[in-house]
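Now for the letters of each chain:
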Amino acid sequence: MDGTQNIVGAAHDKIQHDSAVKHVTGKALYIDDMPNLPGTLEIVLVTSPHAHANIKSIDSGVALAQKGVAAVLTAADIAGHNDIAPIFEGEPAIAEGVAEYVGHPVAIVAADTYDQAFQAAKLVQVDYEELEPVLEIKDAMAKQQFTYTPPSITKGDPDKALKKAKHRLQGELACGGQDHFYLEANVALAVPGEDQDMTVYSSTQHPTEVQHGVAHVLGVPSNAITVEIRRMGGGFGGKESQPTIFAAMAAMVASKTGQPAKLRLRRDDDMIITGKRHDYEFDYDVGFDDDGRIDGLDIAMMMRSGNVADLSSGVMARSLCHGDNCYYLENVRFRGYPCKTNTVSNTAFRGFGGPQGMIVIETILEHIGHHLGKSLDDVRKVNYYGTNDRNVTPYGQTISDNIIEEMTDRLMAEIDFEGRKKEIEKFNAENSTLKKGIAAMPVKFGISFNMPALNQAGALVHVYTDGSVHLNHGGTEMGQGLFTKVAQVVATVFQIDIDNIKISSTRTDKVPNTSATAASAGSDLNGMAAYDAADKIKTRMIGIAAKNFDVAENEIEFRQNRVYAGNESLSFAELAHMTWENRESLSATGYYQTPDLTWDPITCTGSPFYYYSYGVSISEVVIDTLTGESRTLKTDILQDCGKSLNPRVDYGQIEGAFVQGMGWLTSEELVWNDKGQLLTHGPSTYKIPGSRDVPPELNIHILEDAPNRVPTIFRSKAIGEPPLMLAISVWLALRDAVSRCGDGSKLPKLNAPATPEAILNAVTEIRA
Amino acid sequence: MALQFTLNGEMRQVSSVAPTMTVLDYLREYAELTGTKEGCAEGDCGACTIVLAENVDGKPSYQAVNACLLVVPQLDGKHVITVEGLSDTDELLDPVQDAMVKTDGTQCGFCTPGFIMALYALRQSDEEASDGVIHDALAGNLCRCTGYRPIVEAAREACASAPDNTVLEALSASSEYFEGDQSFYAPTSIAEMADVFAANPEANLLGGGTDLGILVSKEREALATVIHTAHVAELLEIEETDKDITFGAAVTYTEALPFIERLYPSFATMITRIGSRQIRNVGTIGGNVGNASPIGDTPPCLIALDATLALYSKAGERELPIEEFFLDYRKTDLKQGEFIKAIRIPKLSENQEFRTYKISKRYDQDISAVIGAYRIELDGEKVAGARIAYGGMAATPKRGVACEAALIGNSWDLATAMTMLSVVQEDYQPISDHRATKEYRLQVAGNLFQRLYQDLAGVEEALEVVAV
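Sequence lines, in order, name chains A and B. Note that our numbering has the first sequence beginning at 1, numbered continuously upward. Note that our numbering has the second sequence beginning at 1001, numbered continuously upward.
Be aware that a few hints might be false.
As the list claims (entries may be wrong) - With a Cα cut of at most 35 Å, we get these calculated DSBU-like pairs of lysine-lysine: (1) B:Lys1243 <-> B:Lys1347; (2) A:Lys138 <-> B:Lys1438; (3) B:Lys1102 <-> A:Lys426; (4) B:Lys1335 <-> B:Lys1243; (5) A:Lys502 <-> B:Lys1059; (6) B:Lys1218 <-> B:Lys1243; (7) A:Lys166 <-> A:Lys56; (8) B:Lys1059 <-> A:Lys22; (9) A:Lys675 <-> B:Lys1218; (10) A:Lys22 <-> B:Lys1347; (11) A:Lys421 <-> A:Lys374; (12) A:Lys547 <-> A:Lys502.
To be verified - Residues from chain B that keep clear of chain A, each with C-beta distances beyond 10 Å, as calculated: (13) Gly1039; (14) Pro1150; (15) Arg1156; (16) Ser1161; (17) Ala1191.
Simulated from the structure, these hints should not be mistaken for lab results. Each residue gets a CB set at the ideal place from its N, CA and C atoms; glycine is no exception.
Make the full structure from the sequences, and use the hints.
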């Protein structure tokens, strides 16, 4: 079954985001925009000023005595368990006994107004005993201090292959973290009900986890907690596990006082208190032949996990599974080290470890090319996965849908890559200060959560007797257009215009036990679940129509908002009413589980991905050799979306992810001081890309005629994360530009992010 | 006295809110208009952008501003437009809103109202919306979802149609506003201002609020006494003679820009990189000088241009070369009750050239790691005169006397420029911080002489990445 052009908003139609008009008129409601309930308390957090300290005592007496202050709560006030760990155990919502990073919440102050809480929070007396912090990845490595048992993947015999290899190189690389900088900071509003019930409005990508976390902390069963979210002002992974902390705190206050309680983080607090993309350091050892083909490879991937594991094991698993990117590795070992540091626990961020895995293998291929006097692209050529052989990944999955080499060849031919290189050489010869560079970046990204259990989804669809449809599913909307896509699926099933479908808030009491809207899998999972629910209702409606019009069920056709039964036809609404009259249910739940997934987290082997998404980009940049300033001049992208559910939405995901990735690799620099304090905690100091930073020429093409080879929802492919890694072409092009400043004898020493200072240092070094 | 302004066309009289309540809090909590969002509360993300309109010289003027940094009394006498005021129905959207829907300029939608208002102000102006102008107009708005391309396209589309010509009613403003134990004065003459300041020497002076606003917005400080300079007639004057130009201290960047553009184009280019339009529409040059930040962008330029400050108090007026104004980190020569009246900048003589270069992590709306300002006087191949100053290199904006001495009398060539790398170290001992290390600052400060040489030599190649 497929969409048709006969209705408005079918699958594959280019329709606008369902909330676009609400966005531009300011009518779209975010949690902080909901009308305040009488008696709503505002919360401000007291956080640790120390990276590592024993909490000897907390005196809230003075704070409590202030006007308007309703409660000051600490870990001691937790009725249930002070544990909100998403994967492991023992990750407290509030610091208990020991504070493990600057910004670690220590106490919660609730008052009638925000300003009252803000002033009172300064009066909470916390007596700390400072302890020695571990702030750097290297220090944690030296102490072998990890947040969970370090995992690794081994295939073949890398040690032997390295020894035997004709050429062998070692090197290192570091890439920085990244703040999500969703425009809406974390917010939670808890409203107490009768008995122990609590409704929590949470800006979360994972309502079920918030529900579990709140129940855990309050010491009540999950059925007492309902979590709701209509939309977030951006998520990017930053609202996957982090919102639980704030929802739990708001719920504690609501539970204690019996009043609604809101915790909206201000920007600086959000940046200081919540986790970010993991920064990594890498050591590699690679052996290869005269062509540059890798014989043996060993990479140590050292991540800054932060004070607790949070989602680090998932992130690291994805790094381990993407250290191959598009290349076949016969003998390989990827060693993961989740370093425990006294810095905020890092968390999910679009790409989820994939970008870090890819950036290191690309650097290694560049290193090999430099050693052999070949281009990065030539080295890629000999290392690409094959289609029928050389197609088993380090973790043991056979790749059956590989199209990356032909996509890359095609894009390079289309933009005349070799000609562009010559133009760049000419420019560089004619310009003394500014130098250009160019690079391509192929991306293969595995789709599915690495943990098979998470690959399931539910939906709830009601058809009312007037033919209007209510749609609910476990996915959350953070701007990515998921709600629009899933509504398109339901419109297609019923063959009715999408206006007839009411998109509703995600609620744990409508669809339970959901997974996070993450891993790019939102529409794959929830689209299928909604399809299932709608299809069940449609089957029942067909049964009623067949009986009433006395035609065979296979002769009932839903088309253009009507239903045709032999010579008869009636509107969708009329059939809905008829179905009710005939006492058949017009409501159904839908369910989906992604098939054929296996994963052993101990050996890091299996087939964790249902399919792969492919994309390639080519970027041209210019650098200033006097100041290190840089600019991306032109980028071309070819991205595989399968048979896109909505090309307009997918286009937006591609360019948005690309620019976000550019930010990670160029201007976005997280700086901590030697006390573990984050110095870049607002947009005045942390620079995400602005409109002028986008390449003035940005050509994006969605690969046409490329339906997914596996039966995903209408043969579409996931799109949320893969294009972020296309931005690595910008970083590689910057390295290329730096290389062109030297005599060719040295590799550029340029880590990520390539800030002006980093670029200038690399230029100085390569010319020395 | 009550404050009066219109909000989306409706007259409002306000007499019971704290004078330091931010406009953002007022809109969201009192007026129950939640379309305007808080993204950062420091004027850097633009999610709270609204438009203030008033008649200027008989013509309606629409200016985008950050609601998070303004306090409510700053609305007095203005027409306030928020995203809710642009369209009566969803079917009849403003061209800006319509374009943003059509180009998919929204994803999560949280930044959108701010972008809409920034674009609305642009559309209502008579500027030609080239891509450069569009980026200028959007520099104060951050979007994390779309990658901006569709928003830029929406700007092109929306600005292709003519602006609405609404006639704006002239509103009066009050000269003082009291609530609880807080006082807000908005004097209209310099004598009145000097009196109020003499009587309240601890008062905070408020120009546009782009710096002071942070105190109320983020630190939630209830300032006891505020004196607003924006209505003081003498501080708003711009006077040009054959020899110099004088800007009143309360002249905004936006108002000063056309004059600076004509007289010192390089300075003007740099000013368009100070904050954003939202900031420059209310921020003042006097404020930038008065807050004496070591990383303020205009002081190095003003020092290199040999500007003079007119300082005023009840005791009278005095003049001071601007470089003598900055005593130490955030410490100035202002006496109690004294304030900056005006900044006088000499015009360039025929053989003088002025250039300034700002280096930051991001081109737009970023704080300088290093800013260099150079007034060079050439006599044939030789440097006859040089005034040089840097920001971001010391505890104050500071003149580079060793740099000047090294240049004056020397031949002006690339070799000379290259020797400056070591000379800057005699003038400056910068610190390392989150913007840059001291090594980088020194290296760039030195290297910029090479850019300066090439720039003045008029070489054909592009000298900055933004020009490629």
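For a quick check of understanding: which of the numbered hints are violated here, in increasing order?
Structure breaks hints 3, 5, 6, 7, 10, 13, 14.
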